[in-house]
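Participant: Let's have the full structure, built from the sequences with the hints guiding it.
The numbering of the sequence shown is this note's numbering, which starts it at 657 and goes up by one.
Take the hints with a grain of salt, since some may be wrong.
[What the hints assert, rightly or not] Using 25 Å as the maximum straight-line C-alpha spacing, the simulated DSS-like pairs for lysine-lysine come out as follows:
| id | residue 1 | residue 2 |
| --- | --- | --- |
| 1 | 912 | 718 |
| 2 | 810 | 1060 |
| 3 | 671 | 718 |
[Claimed, not checked] Listed next, with one range per pair, are the computed distances between beta-carbon atoms:
| id | residue 1 | residue 2 | range |
| --- | --- | --- | --- |
| 4 | 722 | 960 | 43 to 51 Å |
| 5 | 879 | 947 | 19 to 27 Å |
| 6 | 875 | 1072 | 41 to 49 Å |
| 7 | 748 | 1093 | 46 to 54 Å |
| 8 | 675 | 1093 | 52 to 60 Å |
| 9 | 749 | 930 | 49 to 57 Å |
| 10 | 780 | 758 | 17 to 25 Å |
| 11 | 1099 | 803 | 48 to 56 Å |
| 12 | 887 | 1075 | 53 to 61 Å |
Note that these hints are calculated values from the structure, not bench results.
What you are looking at is a predicted structure, and each value in this text was computed from that prediction instead of being measured.
Even for Gly, the Cβ is constructed at its ideal location relative to N, Cα and C.
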Amino acid sequence: SAKIDARTGQWEGVKDTFRHWFLVLRVGLIGAILGAVPGIGASVVDWIAYGHAARTEKDANKTFGTGDVRGVLASEGSNNAKEGGALVPTIAFGVPGSASMAILLGAFLIHGLVPGPEMLTTKLDVTYTLVWSVALANVLGTAICFAFSGQFAKIALIRQPVIMPLILAVLFIGAFQATRSWGDLISMLLFGILGWTMKRLRWPRPPVILGVVLGGIVERYLFVSVARYGIHWLWRPNVIVVLLMSLWGLLRPLMKQWKIMGGYQGMVTGYSRPHFDKNSIFYAFFIGSTFVLVMAATQWNLVAKFVPVVVGIFAMAVAGISLLNHTFRPREEEGDDISKYRKEATKTLHMDLTADEGIDASLVRVRAIRYLAWILGLLGAVWLVGMFPAVFLFVIFYMRVEGKESWPLILACAVGVTTFAVVSFDMLLTLPWPHSLLGDMVPALRPLIPSV
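Facilitator: Rendered as structure tokens:
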């Protein structure tokens, strides 16, 4: 087996943390504050912190996305700080700030602890115990990572045919538990295709994640604010600060582009013959799909359609301008400054490089179609025979066909991941599972085989 020296890199990481101490403090503050906002949680905190670092750190547009350690410090620093923030609303108001805090809240109720003012007065000893537990957990987690760094690093050496079916199995099981409907699995598939397409076209994906996660929350609390304060909620100090920060985030790229192009004259001139490519097609797809959704939303009542219609029209306008610039502006090889700026801005939030750079495009398409076929096969197997039998069969077939792995290894992985899923999710958590065709045809199998 390969020998991996992770100690040197670890100590270098410790030094990097102290070299960029101010960045670590800033993203830690971002993680704690956003972690305390119920509903945001782990889904977006690290993306927001990364975006903050990409906009504020020196020369970030040149090095972020190519292995710059500041990007790692930003995302992981905020990610580690969010649990401490999520503890605040859980203890003070009984509103869990994350999924793990929801589990903790359940433990509170089981032991007769009622979150609220009492936790900050008469039960202050319990509160401080929880605070110190979070702090010690981070310290112990760091110590464990230091001690077993070599073993953890070897995970990167696991062959793709071995680790891929295990990851997909966990993804399918986890995705179904969102709302416990088939729509969860279909949404996972569609967003996977969308994410892969955006990655290939070098479109930044964090805005999509932020929009999907925060869109419903923003809309819900917008109407709560209007119902409570009317139009006057816009003049409250906190709202003004947030709006100014949002406006600055929107206008800053435009101001930078204005400067590069030499003002208004450069913004409205300098167009050339049209260039159509895959990005043009994706722009057109985005504008067309948004238009269809906006037209569907116009049939709803005023309260329901207000935010989707306004956001949809704004998105189509911005995408239309971007499409014109992309299609009619000279390409980078023609020496256009704004093309270089656009490439740098996209790279800053892309967060990773395409792993298949230099590989023939037709081979990439064949691989993508092949993996999509495997995922569709797993989805179909879940519908036919149930979640756990489908996972068991999928691991066997994938490892044998794609990797030509040995039968002892195949059976060990298939039995291991299935047993883990059954014990963890079915026996301990007693989660519901999608009904299968086999279970509908032979109901007697359901008590014998979980998830059928």
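Participant: Against this structure, judge whether each hint is valid.
Facilitator: Here is how each hint holds up against the structure:
For the hint pairing residue 912 with residue 718, the CA-to-CA distance comes to about 16 Å; that is within 25 Å, so the pair holds. For the hint linking residue 810 to residue 1060, the alpha-carbon distance of about 21 Å falls within 25 Å, and the restraint holds. The suggested pairing of residue 671 with residue 718 holds, with an alpha-carbon distance near 22 Å, which does not exceed 25 Å. For residue 722 paired with residue 960, a C-beta distance near 44 Å keeps the hint of 43 to 51 Å intact.
Separation of residue 879 from residue 947 is about 25 Å and conforms to the stated range, judged on CB atoms against 19 to 27 Å. Against the hinted window of 41 to 49 Å, the Cβ-Cβ separation of residue 875 and residue 1072 comes to about 43 Å, which satisfies the hint. A beta carbon spacing of about 48 Å between residue 748 and residue 1093 agrees with the range 46 to 54 Å that was offered as a hint. For the hinted restraint 52 to 60 Å between residue 675 and residue 1093, the CB-CB distance of approximately 58 Å keeps it satisfied.
For residue 749 and residue 930, the hinted distance range of 49 to 57 Å is satisfied, since their beta carbons lie about 56 Å from each other. Here the CB-CB span from residue 780 to residue 758 is close to 23 Å, well matched to the stated 17 to 25 Å. Between residue 1099 and residue 803 the beta carbon distance is about 50 Å. The supplied range of 48 to 56 Å therefore holds. For the pair residue 887 and residue 1075, the supplied restraint of 53 to 61 Å holds, since their beta-carbon distance comes to about 58 Å.
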